[in-house]
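In order, the protein sequences belong to chains V and W. When we follow my numbering, the leftmost residue of the first sequence carries the number 1, and every step to the right adds one. When we follow my numbering, the leftmost residue of the second sequence carries the number 199, and every step to the right adds one.
Hint data in this document are derived by calculation from the structure and do not stem from the laboratory. Cβ atoms here follow ideal geometry from the backbone N, Cα and C, with glycine treated the same way. Check before you lean on any hint, since a few could be wrong.
[Said to hold, decoys possible] To give an idea of the chain W side of the interface with chain V (calculated C-beta under 8 Å), a few residues: (1) Leu206; (2) Val208; (3) Ala234; (4) Thr238; (5) Leu241; (6) Leu242; (7) Pro246; (8) Leu254; (9) Trp255; (10) Arg258; (11) Glu266.
[Said to hold, decoys possible] DEER-style ranges, computed between Cβ atoms: (12) V/Trp86 - W/Arg269: 45 to 51 Å; (13) W/Gly251 - V/Tyr183: 18 to 24 Å; (14) V/Leu142 - W/His268: 46 to 52 Å; (15) W/Glu229 - V/Leu198: 18 to 24 Å.
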Amino acid sequence: MPQRPLQPATDPGPVAPRRQQLLPNGVLGILIFVLTEVMLFAGLVSAFMIVRANAVEWPPPGQPRLPVGETAINTAALLASGGVLWYANRTYAVWPSRARVPLAVAIALGAFFVLFQGFEWLALIREGLTLTSSAHGSFFYLIVGTHALHAVAALIALGWAWSQLSRRKLRQGTLWAVSIFWYFVVGVWPILYLRIYL
Amino acid sequence: MNSACLVLVVAVALLLPGAAEACSVCGPGTEESRVAFIVTTGLLTALPLLMIGGALWWLRARIADLEEHHREAREAAARTAGVRL
Numbered sequence: 001m002p003q004r005p006l007q008p009a010t011d012p013g014p015v016a017p018r019r020q021q022l023l024p025n026g027v028l029g030i031l032i033f034v035l036t037e038v039m040l041f042a043g044l045v046s047a048f049m050i051v052r053a054n055a056v057e058w059p060p061p062g063q064p065r066l067p068v069g070e071t072a073i074n075t076a077a078l079l080a081s082g083g084v085l086w087y088a089n090r091t092y093a094v095w096p097s098r099a100r101v102p103l104a105v106a107i108a109l110g111a112f113f114v115l116f117q118g119f120e121w122l123a124l125i126r127e128g129l130t131l132t133s134s135a136h137g138s139f140f141y142l143i144v145g146t147h148a149l150h151a152v153a154a155l156i157a158l159g160w161a162w163s164q165l166s167r168r169k170l171r172q173g174t175l176w177a178v179s180i181f182w183y184f185v186v187g188v189w190p191i192l193y194l195r196i197y198l
Numbered sequence: 199m200n201s202a203c204l205v206l207v208v209a210v211a212l213l214l215p216g217a218a219e220a221c222s223v224c225g226p227g228t229e230e231s232r233v234a235f236i237v238t239t240g241l242l243t244a245l246p247l248l249m250i251g252g253a254l255w256w257l258r259a260r261i262a263d264l265e266e267h268h269r270e271a272r273e274a275a276a277r278t279a280g281v282r283l
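Looking at chain W on its own, in the form it has when it is part of the complex (with noise of 0.2 Å):
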């Protein structure tokens, strides 16, 4: 099985092209295309992290707020029954 996978592998790679271009501006492309193509590959690849680790991040606060609130709302309810936490 290992062997079988050796070979898929090694054919595999002797039937990568030497440059894969199929992105128009990797190859000839200008410096400015290549800029914008790196650029916008970042934009892509870290946006929807950054807006789902805010969405998180949001939440979290929020949810440490609501407690806070449940925490002073019992205290509250606590001093007016009398009882001395």
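Excised from the complex, chain V in its bound form (with noise of 0.2 Å):
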């Protein structure tokens, strides 16, 4: 009886090539964003820098010295927020519903760093610097307050994933597009610091 060739039990066939997306749409959106928001404080950074060096004496005479010490713990609790929230995408990746805990901590100390600096705002406007008592005024308010408001509506962001945690309706996407962009808060801060405080 001849023998038949070995045949495979099944043939798989050519395998139809699958688009697969790269990143979801909106931390694409969200790094886009990013990058804008990257060169705004770039250039607000250099405007300052080039009326800094151009000053002969800095601060203007008659102008608070910045809040260094106190800033800089605030600076601290900042960038501990960075840190917890990067644990909770971890932990987000094993264990959804765990997440909640770490959130809420890099949420609260994202508050406190805002407030922080709403306090600190209070004192430097009593000691009189305002807007428009200098240069040093002027720019110490545009460009920190610029990133005040970042840090506001990322902190809004934050709570929105945080709610939508809670209700089990969070995708990974959305949790990952919300913490690129308090990474961006948390990662220019320092520089401001260096620059602005220092």
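If you follow the hints, you should be able to join the two separate chains into one complex; please do so.
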């Protein structure tokens, strides 16, 4: 009896190419937004550097010095917030429901940063540093205020992500996008601190 | 046409001031302001290029990762089906 050649049990045939998204649309959108925001802050810091370099004395006479020590503590809180958010992302990937606590801690640290800055502004205004008192005041409130605006917007986004997570409606891409925005807020702050406060 | 262009270029060149000092720090500025001007010019020039370059590099690396993942998945599927590649 002639033997038949061995055939594969099933022929998988050509595998149809399947398009796969490189990254979620929300993440791509936020990345483009962050790139433009980086340029915004680069422009603001550049203008500040030029004006400061031209000044004979900085801060100008009669203007208060910025609270370097207190803001260093605030900076640490913001950096810690970024670290905790990174941990929340890692936790979410493994066990989504367990990411609620670290996400809440990250939001709380971020809120502490914004509130601390609010108190700092009130103290500086009392000491005579206002938007119109000098170029020092103008740049300080413009640059730090722009950053604070971003921080508040990112905190609102994080809060929304937390509420979605609580209702088990949060998607990985959404958390990723919101986190990128917060990482930007966290990442740009040390540069502002070094350039403006020191 | 070419001579008209030449006349225009010469006229524009004659109208140029001896020193262009639209920037407040280019002429009478201190050494510190000159350095600040150069540094910020470099920063604002290089930053967008670095960011776009970084984004393209990252996308390329991610595409390579996905292709590798697909190739491994195809090989695994073929092995399961009993086909020797």
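Hints, one by one, checked against the model:
For W/Leu206, the suggested interface contact is broken, since its CB lies about 34 Å from the closest CB of chain V, more than 8 Å. With 8 Å as the threshold, the beta carbon of W/Val208 stays out of range of chain V, its nearest partner Cβ sitting at about 35 Å, so the hint is violated. The restraint placing W/Ala234 at the interface with chain V holds, with a minimum CB-CB distance near 4 Å, inside the 8 Å limit. Interface restraint check for W/Thr238: the shortest CB-CB distance to chain V comes to about 4 Å, inside 8 Å, so the restraint holds.
With a cut of 8 Å, the hint placing W/Leu241 at the interface with chain V holds, because the nearest CB-to-CB distance is about 6 Å. Contact between W/Leu242 and chain V, as hinted, is supported at the beta carbon level, the nearest pair being about 6 Å apart and thus within 8 Å. This hint holds: W/Pro246 has a C-beta 6 Å from the nearest C-beta of chain V, less than the 8 Å allowed. Against a cut-off of 8 Å between C-beta atoms, the interface hint on W/Leu254 is violated, since the closest Cβ of chain V lies about 12 Å away.
Annotation: W/Trp255 was flagged as interfacial toward chain V, and the flag is violated, the nearest CB pair being 13 Å apart, outside 8 Å. Interface hint status for W/Arg258: violated, as the beta-carbon distance to the closest one in chain V is roughly 10 Å, over 8 Å. The beta carbon of W/Glu266 is not positioned within 8 Å of any beta carbon in chain V (closest approach about 13 Å), and the interface hint is therefore violated. Against the hinted window of 45 to 51 Å, the Cβ-Cβ separation of V/Trp86 and W/Arg269 comes to about 31 Å, which falls outside the hint.
Between W/Gly251 and V/Tyr183 the beta carbons are some 20 Å apart, a value that agrees with the proposed interval 18 to 24 Å. In this structure the hint that V/Leu142 and W/His268 lie 46 to 52 Å apart at CB holds, the actual value being about 49 Å. Between W/Glu229 and V/Leu198 the beta carbons are some 20 Å apart, a value that agrees with the proposed interval 18 to 24 Å.
In this structure, the earlier hints numbered 1, 2, 8, 9, 10, 11 and 12 are contradicted, and the remaining ones agree with it.
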